[in-house]
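First to last, the protein sequences are chains W and P. According to my numbering, the first sequence holds residues 1 to 368 in order. According to my numbering, the second sequence holds residues 1 to 102 in order.
Hints were generated in silico from the structure; no laboratory data involved. Please note that a few of the clues may not be correct.
Selected chain W positions facing chain P (Cβ under 8 Å, derived; list incomplete) [to be verified]:
{"#": "1", "residue": "Pro131"}
{"#": "2", "residue": "His146"}
{"#": "3", "residue": "Gly174"}
{"#": "4", "residue": "Asp244"}
Listed next, the stretches of chain P that the computed footprint assigns to chain W, with coverage defined by at least 3 CB atoms under 8 Å from CB atoms of chain W [said to hold, decoys possible]:
{"#": "5", "segment": "3 to 15"}
{"#": "6", "segment": "26 to 38"}
{"#": "7", "segment": "55 to 62"}
{"#": "8", "segment": "72 to 81"}
Note that the structure is predicted; figures quoted are calculated from it, not measured. C-beta: ideal position from N, C-alpha, C; glycine also.
Now for the letters of each chain:
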Amino acid sequence: MNEYDTELAIIGAGPAGLCAAIEAARLGVRTTIIDENARPGGQLFKQIHKFFGSYRHHAGIRGFTIGKQLLDEIENLGVEVMLNTTAFGFFDDGLIGIYGSGDVLPLRAARTVIATGAIEKPLNFKGWTLPGVMGAGAVQTMINVHGVLPGTRVLMVGSGNVGLIVSYQLIQAGAEVVALVEALPEVSGWHVHAGKVCRLGVPILLSHTIEQATGQDYVEGAIVSKVDRNFNAIAGTQKNIDVDLICVAVGLRPLIELASLANCRMEYISGLGGFLPLHDEYMRSSNEKIYVAGDITGIEEASTAMEEGKLAGISVARDVGKLTQETHNMMSRVIHNNLYELRLGSFGDERRRCKEAIIAKNAGRHVP
Amino acid sequence: MPMRIEKHPIIDYGKKGSVVTISVNGKEIKAFEGEPIAAAILASGIKVFRHTPKLHRPRGVYCAIGRCTDCIMRVNGVPSIRTCITPVEAGMIIESQEYTYE
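One chain only, chain W, in its complex shape (with noise of 0.2 Å):
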């Protein structure tokens, strides 16, 4: 089995798989990118707000325009990009199964990177499923990728960073957020994010839950009540607030289905969002021939993503002879350098525990 259409195929054209095909390309690896979506760029152009951190990590730019500069790389690099293009299984020998434009075709490939990111965690409450419950990430996409805003009355559920910074975006594409509920005690995000929303006068409602949505065809209201220290609503505390979309900002988890039929090995690590599939400190999954990199390996930040992207992009090239191992360990010590930045302060403590554990678990299983 020595023909292979591509040496790279990497699924998901989002920041962990842009970083991968850039690094690898750049080294010589004959690179192809698979991503469904009419648009590459994943969930970065999605981003409108500025990155924070230092300059190496993008500081000061917004995500949309970081999304720009990947692809333009991308294009001069001469990656070939399939969009629209579905990849649903993998079989023996590297094969794996894409679908796209009405056909469905084996691609094969010496190496894969799987950074198929993560999707948003639904909250189950009576009537969570009525049309103007949406994901606040599908909110942000609606508004700031495709121009349109599913409501004008918003309620926020959940105070971490993406209902904070959707709540501001909301508010800048003319939607009025009504309230935003939090179950915890406290603000769960970064009190910059917190401190923009309430400047702007949105009450944050602490110790409080959405028990219901209502509205016979489509959400027409909610019920909000606070909850005890256990979570448990507090009778005669119910308020109903009038409202047209209900956002659901409680967490996403790693999408791990097509990793999972690759058989790499996976475990639930509740830190970092659910089950994911493990891999060694260069982001190679327990299959020798698979990388995983991004959000599927535990949700983190775009920032965090990039790098690891780049980590699996040299460590394919690599594996496939066209990075001696004495270069690739000068690249990945600062690729894990920027990584250990990335999660330092008390949001990436928790992160880069789990990653740690996640690694030596995963030590030694292969010798490069």
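Starting from the known structure of chain W, arrange chain P on it as the hints suggest.
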């Protein structure tokens, strides 16, 4: 009410595709060529995309990235198309899949 965003402090939505007409359950609506079908439908004020086959409960757009399948509809006769990731083409006939399990 859902609506199109006309002015935005940060985003320049750029050049949209040409304005075309598509039919949604017999109603003609305007859409931009290339935008997701679901975006055009929401912008036209339609919120209910289908009803579930067993309990007949309404469904709309939930995840908007092609994962949850809440927004599936019949497009040009082909059932179960994820409207949130399928681009608009001129003259598309889009219908709710209303049926009941026997």
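### Task
If any of the earlier hints don't hold here, list their numbers in rising order.
Violated: hint 8 alone.
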